[in-house]
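Protein chains: 2
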Amino acid sequence: MPHREHSDIIFGNRGMSLEEEINQSNAYYLQKEIAVIHKKPVPIQIVQVSYPKRSAAVIKEAYFKQSSTTDYNGVYKGYYLDFEAKETKNKKSFPLSNFHEHQIKHMKACTRQGGICFTIIKFSVTQQLFLLPAATLFNYWDNQAKGRKSIEKKVIASFGYAINYHVQPLIPYLTYVDKLINK
Amino acid sequence: MPHREHSDIIFGNRGMSLEEEINQSNAYYLQKEIAVIHKKPVPIQIVQVSYPKRSAAVIKEAYFKQSSTTDYNGVYKGYYLDFEAKETKNKKSFPLSNFHEHQIKHMKACTRQGGICFTIIKFSVTQQLFLLPAATLFNYWDNQAKGRKSIEKKVIASFGYAINYHVQPLIPYLTYVDKLINK
Ligand SMILES: [Mg+2]
Ligand SMILES: [Mg+2]
Chain R
-8 MPHREHSDII
2 FGNRGMSLEE
12 EINQSNAYYL
22 QKEIAVIHKK
32 PVPIQIVQVS
42 YPKRSAAVIK
52 EAYFKQSSTT
62 DYNGVYKGYY
72 LDFEAKETKN
82 KKSFPLSNFH
92 EHQIKHMKAC
102 TRQGGICFTI
112 IKFSVTQQLF
122 LLPAATLFNY
132 WDNQAKGRKS
142 IEKKVIASFG
152 YAINYHVQPL
162 IPYLTYVDKL
172 INK
Chain F
-8 MPHREHSDII
2 FGNRGMSLEE
12 EINQSNAYYL
22 QKEIAVIHKK
32 PVPIQIVQVS
42 YPKRSAAVIK
52 EAYFKQSSTT
62 DYNGVYKGYY
72 LDFEAKETKN
82 KKSFPLSNFH
92 EHQIKHMKAC
102 TRQGGICFTI
112 IKFSVTQQLF
122 LLPAATLFNY
132 WDNQAKGRKS
142 IEKKVIASFG
152 YAINYHVQPL
162 IPYLTYVDKL
172 INK
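Taken in sequence, the protein lines are chains R and F. Start counting the first sequence at -8; every next residue gets the next number (my numbering). Start counting the second sequence at -8; every next residue gets the next number (my numbering).
The set of hints was computed from the structure by calculation and includes no laboratory data. Careful: at least some of the hints might be erroneous.
Identical copies look the same in the list; a pair holds intra-copy or inter-copy alike.
[Unchecked claim] In the DSSO-like style, the derived pairs of lysine-lysine whose C-alpha atoms are separated by at most 30 Å in a straight line are:
{"hint": "1", "residue 1": "K80", "residue 2": "K44"}
{"hint": "2", "residue 1": "K77", "residue 2": "K44"}
{"hint": "3", "residue 1": "K99", "residue 2": "K170"}
{"hint": "4", "residue 1": "K56", "residue 2": "K77"}
{"hint": "5", "residue 1": "K23", "residue 2": "K56"}
{"hint": "6", "residue 1": "K96", "residue 2": "K23"}
{"hint": "7", "residue 1": "K96", "residue 2": "K145"}
{"hint": "8", "residue 1": "K170", "residue 2": "K68"}
{"hint": "9", "residue 1": "K140", "residue 2": "K80"}
Just so it is clear, the structure is predicted and the values come from calculations on it, not from any experiment.
If we strip away everything but chain R, and leave its shape as in the complex, we get (with noise of 0.2 Å):
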């Protein structure tokens, strides 16, 4: 048998995106009644639809629009979160070209609110996941013309948290939510 490494690590399902593994840990949070986090839907502009006789309507003509917000939100504790899932195949560092302005513009703007606002940030050959608190980003996002171009990871991990990958929920990113909310 080869040596592994890590092999008390649990990974995560490797045929699930990082989107599909945090909307199962969101299912699992709400049916304990932990979180209500949902993922939004891809905002379309529909141009044509049908209504066949007896069967439902079909959209027949439909594009995919910008979405002015970020992937999930929802309440935890009485907090508003917000936040990103982004994967990368980079292995050192996470490119900020991930994010779109309005994402960070939406951010910022939920941040003013009071609300949590972070990225969960996925290093896909390694199977390593963080969790960014936005201020971080921020930072980066705000020095990017004249700084560095993405993040190195050592620096996600010394300023966010590393998550291990769990079973129920697969990815308990609310226990570093925690710490943001009791910094």
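Use these hints to put chain F with the ligands onto chain R, whose structure you have.
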């Protein structure tokens, strides 16, 4: 000139749906950094997408899915807000059949997490608007089997708040959310 009753009331744009009126109000609140509230996109099940060369992806077949949540959510003064917008052509009462079980369930779950939930109800014939706290709705909903199947307008007016159309924002509903917060 014909006699006009209530000439001091600013009516909403009669061409606009309640959702459009609320969206416009939310755009104002966002721009003035008063709150960050968005309409959730309608969830769609996408079946077929075509990717024409040199132009945007076109959704060729898709279906409307039942939403598992409500119309709007967001953050205001650190509070999580979650609400439905409902219009009725009825004159004296608001039929509970306007709600789906899953919307009530969602609002109950959000309330348990400390979120502020309510409905903005528009009686379209008279262009009257009310903010109805979720507690009153839950009460009527849970008792509909042995009780009324609708909420009388006078009950809505007494447990909720009449909202007058305004200029900026068109529907100043956060004024009444403040009353819910300070209750
Ligand atoms: Mg994402
Ligand atoms: Mg509605």
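Exercise for the section: Starting from the hint list further up, note which numbers the structure goes against and sort them upward. Expected result: No hint contradicted; all consistent.
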